[in-house]
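There are 2 protein chains.
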Amino acid sequence: MSKLLIVGTVAFDAIETPFGKTDKILGGAATYISLSASQFGVESGIVSVVGGDFPKEYLKKLNDRNINTDGIEIIEEGKTFFWKGKYHNDLNSRDTLITDLNVLADFNPVVPEKFIQPEFLMLGNLHPAVQMAVINQIPVRPKLVVLDTMNFWMDNTWDALMEVIAKIDVITINDEEARQLSGEYSLVKAAQKIYEMGPKYVVIKKGEHGALLFHEDNVFFAPALPLEEVFDPTGAGDTFAGGFIGHMAKTEDISFENMKRGVIAGSNLASFCVEKFGTERMENLTHNEIQERLLQFKLLTQFDIEIG
Amino acid sequence: MSKLLIVGTVAFDAIETPFGKTDKILGGAATYISLSASQFGVESGIVSVVGGDFPKEYLKKLNDRNINTDGIEIIEEGKTFFWKGKYHNDLNSRDTLITDLNVLADFNPVVPEKFIQPEFLMLGNLHPAVQMAVINQIPVRPKLVVLDTMNFWMDNTWDALMEVIAKIDVITINDEEARQLSGEYSLVKAAQKIYEMGPKYVVIKKGEHGALLFHEDNVFFAPALPLEEVFDPTGAGDTFAGGFIGHMAKTEDISFENMKRGVIAGSNLASFCVEKFGTERMENLTHNEIQERLLQFKLLTQFDIEIG
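Chains as they are written, first to last, in my numbering: chain L, 13 to 320; chain Z, 13 to 320.
These aren't lab readings, by the way, just hints derived from the structure by calculation. Among the hints, a few may not be true.
Identical copies look the same in the list; a pair holds intra-copy or inter-copy alike.
Unchecked claim - List of simulated lysine to aspartate or glutamate pairs, EDC-like, C-alpha gap at most 20 Å:
#: 1; residue 1: K98; residue 2: E208
#: 2; residue 1: K33; residue 2: E287
#: 3; residue 1: K201; residue 2: E318
#: 4; residue 1: K68; residue 2: D35
#: 5; residue 1: K201; residue 2: D102
#: 6; residue 1: K68; residue 2: E295
#: 7; residue 1: K73; residue 2: E240
#: 8; residue 1: K262; residue 2: E318
#: 9; residue 1: K310; residue 2: E264
#: 10; residue 1: K310; residue 2: E269
#: 11; residue 1: K218; residue 2: D102
#: 12; residue 1: K205; residue 2: E241
#: 13; residue 1: K218; residue 2: E240
#: 14; residue 1: K36; residue 2: D229
#: 15; residue 1: K205; residue 2: E240
#: 16; residue 1: K218; residue 2: E188
#: 17; residue 1: K218; residue 2: D316
#: 18; residue 1: K201; residue 2: E240
#: 19; residue 1: K262; residue 2: D316
#: 20; residue 1: K218; residue 2: E241
#: 21; residue 1: K205; residue 2: D167
#: 22; residue 1: K288; residue 2: E89
#: 23; residue 1: K218; residue 2: E304
#: 24; residue 1: K218; residue 2: D187
Nothing here was measured: the structure is a model prediction, and the numbers come from that model.
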């Protein structure tokens with residue numbers, strides 16, 4: 013069975029949406045990625061850091077889904093990364109109210125021996141120097157390295173970001189970030205510019221408008237499932253990435269055709285994530301629910317047209 | 013061969029985009045709809061009105077594509093409807109600079125005898141009372157009646173709009189308009205509310221983000237083709253509607269399965285429309301170009317995933 017290593021934040025989130033608010037709950041990119049990828053039954057481990065205030069039960073939630081947490085360093089005297097945000101009424105935009113880096117500020121990632129040779133590596137959104145430090149600890153290049161990042165790193169750590177982007181296979185970013193990274197408004201042109209930075213595959217996430225997968229002159233589109241209710245978009249992008257890398261790791265096939273299925277799998281899982289606050293929906297998701305919704309994706313997108 | 017009747021504006025447009033500007037050129041909803049539908053080789057006619065200033069060569073452009081213009085009334089002493097607009101840098105929004113209704117202000121549509129029994133009826137965006145007047149002249153209910161409208165009529169002629177919406181089969185509107193019409197933010201819920209107003213099929217146009225087709229509990233999504241360059245979005249929505257009704261009229265099959273192909277056909281034609289100013293691209297479009305791009309739509313959306 014192929015091994016999947018996930019690097020990213022494990023955090024407390026406090027979320028306010030038009031439908032309610034939470035105190036500090038389990039959050040973080042690596043959390044959402046790993047919960048999503050865990051649906052594919054691959055052996056996965058997280059590299060991250062938390063403080064002494066991080067509840068053991070949260071680690072147990074991850075362990076219960078066969079996610080190895082040996083690589084989550086616990087700094088007893090430190091505090092866990094905390095993010096607080098408030099969504100606007102349309103849920104398409106949000107204000108960050110608090111970002112307390114805490115133990116994340118001086119994070120030196122250490123890949124546990126057990127995961128030192130992962131076949132699949134997911135670099136969740138984090139300081140690019142941390143992402144790079146993980147790559148540098150892995151002696152044999154994984155089959156596939158996927159990186160997620162955001163505009164904050166483009167604004168503040170451009171050179172470090174370019175360094176890590178040069179080392180990866182797949183980048184996942186949103187549409188605005190693709191435009192910022194490339195300086196191109198057209199997403200087709202943006203993808204072409206981003207190829208030149210390193211990644212051979214570019215995934216552009218458009219939230220409720222779906223996601224585009226670019227490779228050379230090929231493009232594939234995975235829609236978002238139209239939902240009656242979106243309750244909390246937190247973690248949807250990470251859940252998408254987790255579904256993608258989970259599918260890839262399970263199938264061990266890194267062809268473009270299989271990546272199409274990967275982005276559909278990611279879009280499928282993200283459609284569940286947004287139905288409840290935080291990680292709640294992802295914790296009790298069943299195989300049958302996922303399969304049923306895959307069928308909905310087929311019905312949503314598949315057509316039969318004669319080309320003559 | 014089934015007959016298609018198209019009601020809508022035939023107009024002068026003056027357009028400014030970040031890439032250039034035009035003086036008065038051929039425009040109008042019925043113009044774009046008919047040029048698009050003409051690709052399907054159905055017998056079509058327009059009901060509209062223009063002034064004495066409208067060049068005969070513009071009518072000839074339509075006639076050259078087998079579009080019957082006998083129903084375009086020419087009011088010699090009047091002036092043609094004129095719209096002037098300027099697009100913002102992202103091309104997703106625009107300011108209307110001039111709207112001179114001119115002969116459109118007192119338009120009494122008269123359906124020519126030859127088109128009094130159309131199998132397919134497309135009511136382009138126009139005053140709902142004019143749309144209704146056309147329905148009232150047609151003694152036998154067409155196989156399919158499609159209506160396009162916009163927020164202006166929701167703001168100003170709500171009752172007249174409700175009256176005509178009750179009489180149609182398919183409504184095409186954009187996402188913001190669907191929300192305004194229904195009072196629901198979720199497009200799934202919006203479609204359900206709109207069913208109750210009359211139409212059994214709801215098409216929600218999302219511009220560069222594609223289009224959704226709703227019917228009962230079914231939903232289908234047609235993406236927009238990701239393009240390197242969008243030159244001028246004017247007429248894209250009408251071209252989409254023209255491709256949809258043109259496909260339906262050609263195939264004479266009003267099943268949901270076939271409507272899926274209709275929205276793909278519409279999305280395909282709209283992807284050409286935006287490549288040049290005004291109607292230019294639609295005037296010289298070839299069958300082969302359309303078929304090649306349909307293949308691109310297949311590659312963009314079709315995937316093969318096992319559901320177990």
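Going through the hints against the structure:
1. K98 <-> E208: neither (36 Å within a copy, 35 Å between copies)
2. K33 <-> E287: within (14 Å within a copy, 46 Å between copies)
3. K201 <-> E318: Neither: 30 Å inside a chain and 32 Å across chains, both beyond 20 Å.
4. K68 <-> D35: Intra 18 Å, inter 69 Å, cutoff 20 Å: intra-copy only.
5. K201 <-> D102: For K201 and D102, the Cα distance is within 20 Å only across copies (15 Å; inside one copy 29 Å).
6. K68 <-> E295: within (16 Å within a copy, 67 Å between copies)
7. K73 <-> E240: Neither: 28 Å inside a copy, 45 Å across copies.
8. K262 <-> E318: Intra 34 Å, inter 14 Å, cutoff 20 Å: inter-copy only.
9. K310 <-> E264: neither (23 Å within a copy, 25 Å between copies)
10. K310 <-> E269: Result: close both inside a copy and across copies, 16 Å intra and 13 Å inter.
11. K218 <-> D102: both (15 Å within a copy, 16 Å between copies)
12. K205 <-> E241: So K205 and E241 pass the 20 Å test across copies only (15 Å; inside, 36 Å).
13. K218 <-> E240: both (18 Å within a copy, 17 Å between copies)
14. K36 <-> D229: neither (44 Å within a copy, 37 Å between copies)
15. K205 <-> E240: between (37 Å within a copy, 12 Å between copies)
16. K218 <-> E188: Cα proximity of K218 and E188: in one copy and across copies (9 Å, 18 Å).
17. K218 <-> D316: Neither. Shortest intra-copy (26 Å) and inter-copy (22 Å) distances fail the 20 Å Cα cut-off.
18. K201 <-> E240: between (34 Å within a copy, 6 Å between copies)
19. K262 <-> D316: between (29 Å within a copy, 16 Å between copies)
20. K218 <-> E241: Result: close both inside a copy and across copies, 18 Å intra and 19 Å inter.
21. K205 <-> D167: Within one copy only: 18 Å inside a chain, 44 Å across chains, cut-off 20 Å.
22. K288 <-> E89: neither (32 Å within a copy, 63 Å between copies)
23. K218 <-> E304: neither (23 Å within a copy, 26 Å between copies)
24. K218 <-> D187: both (6 Å within a copy, 16 Å between copies)
When the structure is compared with the earlier hints, violations turn up for hints 1, 3, 7, 9, 14, 17, 22 and 23 and for no others.
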